[in-house]
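Q: Protein chains in written order, with the working numbering: chain A, 1 to 237; chain L, 1 to 290.
Please keep in mind that the hints were generated in silico from the structure rather than gathered at the bench. Just so we're clear, the structure is a prediction, and the values are computed from it rather than from any experiment. The beta carbon of each residue, even a glycine, is placed where N, CA and C say it ideally should be. A portion of the hints provided could be inaccurate.
Which residues of chain L face chain A? A partial, calculated answer using Cβ under 7 Å [stated by the list, open to error]: (1) Asp2; (2) Ala3; (3) His6; (4) Gln7; (5) Arg80; (6) Arg84; (7) Leu178; (8) Val179.
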Amino acid sequence: MTPLLSVKNLTAGYGDTVVLHGLNFELAEGGITAILGANGAGKTTTLRALCGLCRRRGEISYAGRRIENLATEDVVRLGVAHVPDGRGTFASMSAEENLRLGAYLRRDRADVGRDFETIYALFPRLRERRQQQAGTLSGGEQQMLAIARALMLRPKLLLLDEPSFGLAPLVVQEIYRTLKTINRETKVSMLLVEQNATLALDLADHAYLVETGRVVVSGDSEMVKADETIRRSYLGY
Amino acid sequence: MDALLHQLFSGVASGGIYAGLALALVMIYQSTGHINFAQGEMAMFSTYIAWELIDYGTPYWGAFFLTVIFAFVAGVAIERLVIRPFHNLPVIALIIVFIGLLVIVNSTASWIFGTTLKTFPSPFPAEPLWDNHYISNHELGSIGIVLIIVAILFVFFRYTKLGLAMRAVAENPQSSRLVGIRVGWMLALGWGLAAAIGSVSGMLVAPILYLDSSMMGGVLLYSLAGAVLGGLDNPWGAALGGFIIGILENVLGAYVIGTQLKFSVALIVIVGVLLARPSGLFGRTVVTRV
Ligand SMILES: Nc1ncnc2c1ncn2[C@@H]1O[C@H](COP(=O)(O)OP(=O)(O)OP(=O)(O)O)[C@@H](O)[C@H]1O
Ligand SMILES: [Mg+2]
Chain A
1 MTPLLSVKNL
11 TAGYGDTVVL
21 HGLNFELAEG
31 GITAILGANG
41 AGKTTTLRAL
51 CGLCRRRGEI
61 SYAGRRIENL
71 ATEDVVRLGV
81 AHVPDGRGTF
91 ASMSAEENLR
101 LGAYLRRDRA
111 DVGRDFETIY
121 ALFPRLRERR
131 QQQAGTLSGG
141 EQQMLAIARA
151 LMLRPKLLLL
161 DEPSFGLAPL
171 VVQEIYRTLK
181 TINRETKVSM
191 LLVEQNATLA
201 LDLADHAYLV
211 ETGRVVVSGD
221 SEMVKADETI
231 RRSYLGY
Chain L
1 MDALLHQLFS
11 GVASGGIYAG
21 LALALVMIYQ
31 STGHINFAQG
41 EMAMFSTYIA
51 WELIDYGTPY
61 WGAFFLTVIF
71 AFVAGVAIER
81 LVIRPFHNLP
91 VIALIIVFIG
101 LLVIVNSTAS
111 WIFGTTLKTF
121 PSPFPAEPLW
131 DNHYISNHEL
141 GSIGIVLIIV
151 AILFVFFRYT
161 KLGLAMRAVA
171 ENPQSSRLVG
181 IRVGWMLALG
191 WGLAAAIGSV
201 SGMLVAPILY
211 LDSSMMGGVL
221 LYSLAGAVLG
231 GLDNPWGAAL
241 GGFIIGILEN
251 VLGAYVIGTQ
261 LKFSVALIVI
271 VGVLLARPSG
281 LFGRTVVTRV
């Protein structure tokens, strides 16, 4: 089966700085792939390159078409939803308005209404806080809101940039459990960027380890878990 | 007492006009951080279009709405063709672009429409509706029109998808792209709305001042003062600021500093607010937890 996403020889950077030096990876339809790496390895840049938020070159094939020259707005139109680094909350708007913005491209009003219900069932806390100004939500609630906003697009591919960042362990567990449910029930594919390798490898079926803009280890999660480098530097045993 | 009341009413009336142009300035500022110094000149140009239409025999309200549409389209076009190529320039260079636009629109207007003063009709009857010498029908009508614009904008930003998208772009362009909003077009739309609102101000000023190419210079200054006072990123604050400036201008001009120095009211307000409270009285303060 051809993969949903296939990246070949991707280089990317900002201004004159090159951050990614020829990255190769794939993501199977319906699968969850993790990209692991230390601070500054280029994980965020990888996700940004996929949806045209930084300068990039190479080959990005998604759902049978090349997208490396598309503008961000057009990549989104192909069903790629990005939960960005820092969550990208529309802080002065209510939680509900954030979700309505997530559904900006949808034309099927009735379905959008049903999706609000589905989302609120997945994240009951967002239902309670739907009228609250999003900037005043807790960090965990804002992360849930960011994921929920991305889901309102009904994406085929969800890009997640460190959803555990800065959150208490219990909240992180809750979010990861929900991600698992979402993947199982909606079959949305996920590309997950994490520093927390334990978490990511438990959720993902495949993983890549990136160091200074290059893939150094890749394989299915179990294999990567067993890898010596990963164990020592990222899993800590 | 009677004279003071008179000044107050005139203040509210000119304030309404400043409020209109202040709203136009905010439409552009809130999504780009730019102050369009050519806003007044664009309004003046549109008012000439209205004059030509009326001169040609178009009924007033027909000319009014055609002009608003013309201004909207022109505003979008100016953003796309003139401003867009420069939008990554540093602020000082952009100010030069805006001043350039101001000069070009102004001289084009003199060139096409000539330099003689023209009288411009008011859509409201000249005879006072009831026996009052405080406020003319035109002034009353102008205030009403500005309030209608405020109400339309409120509904647009609050209840429509497009309005929501425009607010989103003003707040967070990157997140807006990530939900699929075409940010560039939203900025152009902001320019279109600004130009449309500005054209209404122009058509409301012209019956008071005579139509000529320097008509909007002073109005722009007072409107800018109003927008700065109320908060450049808050439409409602800016509109209210416009009204406050109108009242200050008239009352201070009559009783405190004299009509010759009226302009300085605007300058003092601008400098004072920028020093003491740069976000204005009602500027956006967003609480963000990280
Ligand atoms: N906007 C930018 N301009 C210039 N350099 C940047 C920019 N953003 C990131 N970089 C550089 O690119 C490199 C990779 O950054 P990136 O954010 O992709 O790392 P990361 O793997 O996501 O790290 P972290 O785990 O800390 O989030 C870093 O050296 C960083 O300094
Ligand atoms: Mg990162």
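Q: Against this structure, judge whether each hint is valid.
A: Hint-by-hint comparison with the structure:
1. A distance limit of 7 Å between C-beta atoms decides the matter here; for Asp2/L the minimum to chain A is near 45 Å, and the interface restraint is violated.
2. Hint status for Ala3/L: violated, given a least beta-carbon distance of 44 Å to chain A, over 7 Å.
3. Violation of the interface hint for His6/L is found here, the shortest Cβ-Cβ separation to chain A being roughly 41 Å, above the 7 Å cut-off.
4. Annotation: Gln7/L was flagged as interfacial toward chain A, and the flag is violated, the nearest CB pair being 38 Å apart, outside 7 Å.
5. Hint on Arg80/L is violated. Least Cβ distance to chain A is approximately 16 Å, over the 7 Å limit.
6. Here the hint on Arg84/L is broken, as its CB sits about 15 Å from the closest CB of chain A, past 7 Å.
7. The beta carbon of Leu178/L is positioned within 7 Å of a beta carbon in chain A (closest approach about 5 Å), and the interface hint is therefore held.
8. With a least beta-carbon distance of about 5 Å to chain A, the hint placing Val179/L at the interface is held under the 7 Å criterion.
Hints 1, 2, 3, 4, 5, 6 from the list above are not met by this structure, while the remaining hints are.
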